[in-house]
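Engineer: For the protein sequence lines, the chains are A and B, in the order given.
So in the working numbering, the last spot in the first sequence is 316, and the numbers never skip.
So in the working numbering, the last spot in the second sequence is 320, and the numbers never skip.
The set of hints was computed from the structure by calculation and includes no laboratory data.
It cannot be assumed that every hint is accurate.
[To be verified] Simulated restraints on C-beta separations:
(1) 71(A) - 165(B): 33 to 39 Å
(2) 128(A) - 290(B): 51 to 57 Å
(3) 168(B) - 224(A): 37 to 43 Å
(4) 260(A) - 165(B): 35 to 41 Å
(5) 177(B) - 224(A): 35 to 41 Å
(6) 1(A) - 318(B): 23 to 29 Å
(7) 104(B) - 71(A): 33 to 39 Å
(8) 32(A) - 121(B): 57 to 63 Å
(9) 121(B) - 128(A): 19 to 25 Å
Virtual Cβ for every residue (Gly too), placed ideally from N, Cα, C.
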Amino acid sequence: MASLKVPANVPLPQEDAEQLHKAFAGWGTNEKLIISILAHRNSAQRSLIRSAYAATYNEDLLKALDKELSSDFERVVMLWTLDPAERDAFLAKESTKMFTKNNWVLVEIACTRSPLDLFKVKQAYQARYKKSLEEDVAQHTSGDLRKLLLPLVSTFRYEGDEVNMRLARSEAKLLHEKVSEKAFSDDDFIRILTTRSKAQLGATLNQYNNEYGNAINKNLKEDSDDEYLKLLRAVVTCLTYPEKHFEKVLRLAINRMGTDEWALTRVVSTRTEVDMERIKEEYQRRNSIPLHDAVAKDTSGDYEDMLVALLGHGDV
Amino acid sequence: MAQTLDWDVVIDAISGKNVGMGVDEKALITTLGNSHKDHRKLFRKASKSFFEEDEERAFEKCHDQFVKHLRLEFSRFNNAVVMWSMHPWERDARVVKKALKKGDECYSLIVEVACTRSSEDLLGARKAYHSLFDQSMEEDIASNIHGSRRKLLVGLVSAYRYEGNKVKDDSAKSDAKILAEAVASPGEKAIENDEVVRILSTRSKLHLQHVYKHYNQIKGSDLLGGVSESSILNDALLCLLKPSVYFSKILNASLNKDADKGTKKWLTRVFVTRADHSDEMKDIAEEYNQRYGETLAQNIQEKIRGNYRDFLLTLLSKSN
Chain A
1 MASLKVPANV
11 PLPQEDAEQL
21 HKAFAGWGTN
31 EKLIISILAH
41 RNSAQRSLIR
51 SAYAATYNED
61 LLKALDKELS
71 SDFERVVMLW
81 TLDPAERDAF
91 LAKESTKMFT
101 KNNWVLVEIA
111 CTRSPLDLFK
121 VKQAYQARYK
131 KSLEEDVAQH
141 TSGDLRKLLL
151 PLVSTFRYEG
161 DEVNMRLARS
171 EAKLLHEKVS
181 EKAFSDDDFI
191 RILTTRSKAQ
201 LGATLNQYNN
211 EYGNAINKNL
221 KEDSDDEYLK
231 LLRAVVTCLT
241 YPEKHFEKVL
251 RLAINRMGTD
261 EWALTRVVST
271 RTEVDMERIK
281 EEYQRRNSIP
291 LHDAVAKDTS
301 GDYEDMLVAL
311 LGHGDV
Chain B
1 MAQTLDWDVV
11 IDAISGKNVG
21 MGVDEKALIT
31 TLGNSHKDHR
41 KLFRKASKSF
51 FEEDEERAFE
61 KCHDQFVKHL
71 RLEFSRFNNA
81 VVMWSMHPWE
91 RDARVVKKAL
101 KKGDECYSLI
111 VEVACTRSSE
121 DLLGARKAYH
131 SLFDQSMEED
141 IASNIHGSRR
151 KLLVGLVSAY
161 RYEGNKVKDD
171 SAKSDAKILA
181 EAVASPGEKA
191 IENDEVVRIL
201 STRSKLHLQH
211 VYKHYNQIKG
221 SDLLGGVSES
231 SILNDALLCL
241 LKPSVYFSKI
251 LNASLNKDAD
261 KGTKKWLTRV
271 FVTRADHSDE
281 MKDIAEEYNQ
291 RYGETLAQNI
301 QEKIRGNYRD
311 FLLTLLSKSN
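The whole structure should be built from the sequences, with the hints applied where relevant.
Structural biologist: Here is the structure:
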């Protein structure tokens, strides 16, 4: 469930565009006005606002935002304003670049978006960057990481609910064998994780738990610093209980010495319209404090206001 | 009523020396259809490969072979029509499924579908696969193929290639260097190389043309000449770089009179799946002409009979 709060009577996109333009006018920027509009519009509405803005002022709203805003506030507003496919394409591109390398982003995009949404991301990626997501991921990874990440972004999983229990049992057994041999990058191990439908995988992993006494992630904690194993565990979580994964990312982002603003921004901007309510519940359950309170404690100014608004707690 | 039956005509309409495909339905109607039962007795006596004389009981027994042969030859038109009516995505999904079931020798069909279709058409085939078989194409292939070919085949069917006209020539050059080293290794080793799989399954076709050009410059020889004929690596390269050459070669093989049952079926598949793309069909016909000296239309006219022939020629003429 989304945490986004949209007013009952939404102004016309043209009006919103005019208000935003006013917010940019003159010395300084009216950040509160920007938040009061953009943080309370869904992606279809934001898209209409962008078109209206471009038609009226002959400028891409995003360019205007880039000129007027700065730092973490700018990043969260910019990412939020993009439509989901463009946003994911942008984040994916960033994650393959040398200084902003981040394999978690790729795992999140590949595993928590629906198969059709993942394809929209790939189309947006090709349109913007004139190459395919797969070729960039392939080129910028190697070894076990590539073995895992490339099929993960290339796959087009079946979306049906059908489950073959016989297959679930045999593949749970196979997974267990590989885990026992510590063959964590074995071809079949990766094949199962990267090609099976989410329903089938869910059944297989349940079987694993039933048969062998614990969830598979417990057996993947071999070396807690190993990047590959960390990603593998993230893949499993993202495919089965995404809200748990996002809760963890948020928890680590906020509790760190200082805050990992990029991780915080990423999770909030990508999940607000998807399953943020579930993530909030998970966070509260795990940390005994509401997410928006934790965020407010750890951030400040316009950045904090935007995040809290997206989490559904700002003034509407 | 005809006085005598020229049973050579009948035999020719069904099989005959110019062993072709299809059945001359019209000839059969006018001859066999019109025949007296004594004529048919002479026909059976003359067709020793289809009928066996049971002298003790004084009749000519029909071989299973006769029934099977007719069923096969009559069905070519039928199969072409069914395939032609299907949505292209369903056609391709079924081709891949069948190839997977048949095994080893048919993996080149998977390569063909993965590498000669546009990105949207391959995506469509993958969607159709979900709908028809309740699983994804890549999971079916991955769980049924093992060994060195799995990586390449899964990679090729999972591709969603960029189709625009931007190319980074430096990337192409470095990809060419990698290929040059990898292809030199013997046998199937090259396709076990992750870099080879990466290049072939993620790069755009335009980028691959640039890679091809650089490869040939580096090695001083043609990449397409240097890989052993019957390997999926060669098929993949040919399909990605010169699809009309690939198709003209398999058409030629299927029209060969010594072609086996499976190979003959390629004719229907190529025609039905490519006829909607008139530019490609034109290229294939030209390539065929250049390579083999005759036109495709001529060859079909000579070697194929009946409705099947007329259907193929009609599909072919759509591209003109």
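Engineer: Which of the listed hints are broken here?
Structural biologist: 2, 6, 7 and 8
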